[in-house]
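Heads up: the protein sequence lines correspond to chains W and X, in order.
Residue numbers for the first sequence follow my numbering, beginning at 152 and rising by one.
Residue numbers for the second sequence follow my numbering, beginning at 33 and rising by one.
Hints may contain errors.
[What the hints assert, rightly or not] A few chain W residues that face chain X, going by a derived Cβ cut-off under 7 Å, partial list only: (1) TYR195; (2) ASP198; (3) CYS199; (4) ILE202; (5) TYR210; (6) ASN243; (7) VAL244; (8) VAL247; (9) ALA251; (10) ALA255.
[What the hints assert, rightly or not] Covered by chain W, according to a simulated footprint, are these stretches of chain X (three or more residues, beta-carbon under 8 Å): (11) 150 to 156; (12) 176 to 183; (13) 186 to 196; (14) 216 to 227.
Note that these hints are calculated values from the structure, not bench results.
As the structure is a computational prediction, the values presented were derived from the model and not from experiment.
Backbone N, C-alpha and C define an ideal beta-carbon position, used for all residues, glycine too.
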Amino acid sequence: MKWRLMKFYGVGLASGLAILAAVCAGATYAAAAGTSGVAGKMQYCQDCHGISGQGYRGYVPIPRLAGQQPDYLMNQLRAFVEGRRPNSIMSNVAHVLSPAMMHALTRSFSRLDPPPLGGAPRRYVARGRAIFQDGDPGANVAACAACHGPDAHGHGEIPRLAGQLYPYIVKALTNWSQERGRIPSKPDTSAIMEPVAHSLTRPQVEAVAAYLSTLR
Amino acid sequence: MKRIKLTIAVLAILASVAPSLAGELGHVDVRNCTWCHGPSAQGYAPAPRLAGQRYRYIVNQLRSFNAQRRDNPFSHIYMWPAAANLSPGAAHELAHYLSLLPPKAAGDGNPALVAMGRAIYQGGVPDSNVAACVACHGPHAQGVGEIPRLGGLSYSYLRARLAQWREGYDAGALHPMPHVASQLTPQEIAALASYLSFVQ
Chain W
152 MKWRLMKFYG VGLASGLAIL AAVCAGATYA AAAGTSGVAG KMQYCQDCHG
202 ISGQGYRGYV PIPRLAGQQP DYLMNQLRAF VEGRRPNSIM SNVAHVLSPA
252 MMHALTRSFS RLDPPPLGGA PRRYVARGRA IFQDGDPGAN VAACAACHGP
302 DAHGHGEIPR LAGQLYPYIV KALTNWSQER GRIPSKPDTS AIMEPVAHSL
352 TRPQVEAVAA YLSTLR
Chain X
33 MKRIKLTIAV LAILASVAPS LAGELGHVDV RNCTWCHGPS AQGYAPAPRL
83 AGQRYRYIVN QLRSFNAQRR DNPFSHIYMW PAAANLSPGA AHELAHYLSL
133 LPPKAAGDGN PALVAMGRAI YQGGVPDSNV AACVACHGPH AQGVGEIPRL
183 GGLSYSYLRA RLAQWREGYD AGALHPMPHV ASQLTPQEIA ALASYLSFVQ
């Protein structure tokens, strides 16, 4: 019992020191990053979107932002604020961002280049490549590469799709009209995708998503 | 000291009344778990409820106790030795068994803090860079894969667990919890723990 008590107090002392060390470290961290600075806000984004912006499979798929086109990200952040893209979590996040902060964050994410998260069913990849590069003329589906680029890196407000999470692309394409362009008086670029998203069958959506999720 | 004596007394009583569940598992003796986590794994403060917890989460936590990465004082005293001799096969078997037990909500939080806790859970605290819990833990705090179920865990466990990260423990936990939890104030932690303790 004596030994147990000593051990208990030993642990207590060690944990006391650990707390002290952590508090000191925490104070330094708070001073360096701050909660309002770009670094603090960037870490906040990374909490969900991944340390290198590679995306994360939470309860919902959280998209990759790394290497994303800054103009696309700006447009999406404004869409969350304006309600064109209804999403209660991202609406909360975007509402407190100043335009300058939005610019700083979108530029920071566009410069990141981690490998894709992976995990998509490999057997669909070849089929997805064919749809992405050539479309499906019989079903009125244009080649995705025409707008998103043959490397799927996007341009301006047209997003990069390379390396995007498989479940995120599947969700976006299947719910397109519920998730985008919801303010008819404020039409945006999401209207371009609407007919395409509607024309794609579920197996085609899964194939394209699987292909894109493998691209660097 | 009084508290420790009381804990030991409670554990001893539990050990004597806990029905043996060992027969339901191949070679893992669940009785050792029931001493602290309760006969139907519903938990006793500070030992969390394990019933209905996510399989992969349990496996990961057992691994982190085994590797002595989850390092708060209670983990050190109780879970390090408990996980020390658990083979990977036994850990998987145990996790599978526990994940299938039906969980009950502890409901021991402060009802006055529930609304605040729900707001933080669903929307985060954007001004102080606290991410919304719901994105990863799900609309009913049920968890998924390696992300734990939080709904219905006890107030005392949740509060202690969320405070630990700010205190510097379990720093090697899966991103992003060490950072998210270190952004929370004690009042926000109490609110979250209260809300979650009532979630079925």
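Here is what the structure says about each hint:
A least Cβ separation of about 4 Å between W/TYR195 and chain X falls short of the 7 Å threshold, and the interface hint therefore holds. For W/ASP198, the interface hint holds, the least distance from its beta-carbon to any beta-carbon of chain X being 4 Å, beneath 7 Å. With a least beta-carbon distance of about 5 Å to chain X, the hint placing W/CYS199 at the interface is held under the 7 Å criterion. For the restraint placing W/ILE202 at the interface with chain X, the shortest Cβ-Cβ distance is roughly 6 Å, inside the 7 Å limit, so the hint holds.
The interface hint given for W/TYR210 is met, as the beta carbon of that residue sits about 4 Å from the closest beta carbon of chain X, less than 7 Å. Against a cut-off of 7 Å between C-beta atoms, the interface hint on W/ASN243 holds, since the closest Cβ of chain X lies about 5 Å away. About 5 Å separates the beta-carbon of W/VAL244 from the nearest beta-carbon of chain X, less than 7 Å, and the hint is met. The restraint placing W/VAL247 at the interface with chain X holds, with a minimum CB-CB distance near 4 Å, inside the 7 Å limit.
Residue-level restraint check for W/ALA251 is violated (minimum Cβ-Cβ distance to chain X is 16 Å; threshold 7 Å). The closest approach between the C-beta of W/ALA255 and any C-beta of chain X is roughly 14 Å, which is over the 7 Å cut-off, so the hint fails. With 3 residues carrying a beta carbon less than 8 Å from a beta carbon of chain W, the segment 150 to 156 of chain X meets the three-residue requirement, and the given coverage holds. By the rule of at least three residues with a Cβ nearer than 8 Å to a Cβ of chain W, the coverage given for the segment 176 to 183 of chain X holds, with 3 such residues.
Chain W is given as covering the segment 186 to 196 of chain X, and this is violated because 0 residues of the stretch bring a CB closer than 8 Å to a CB of that chain, at least three being needed. For the segment 216 to 227 of chain X, the proposed coverage by chain W is not satisfied: 0 residues have a C-beta within less than 8 Å of a C-beta in that chain, short of the threshold of three.
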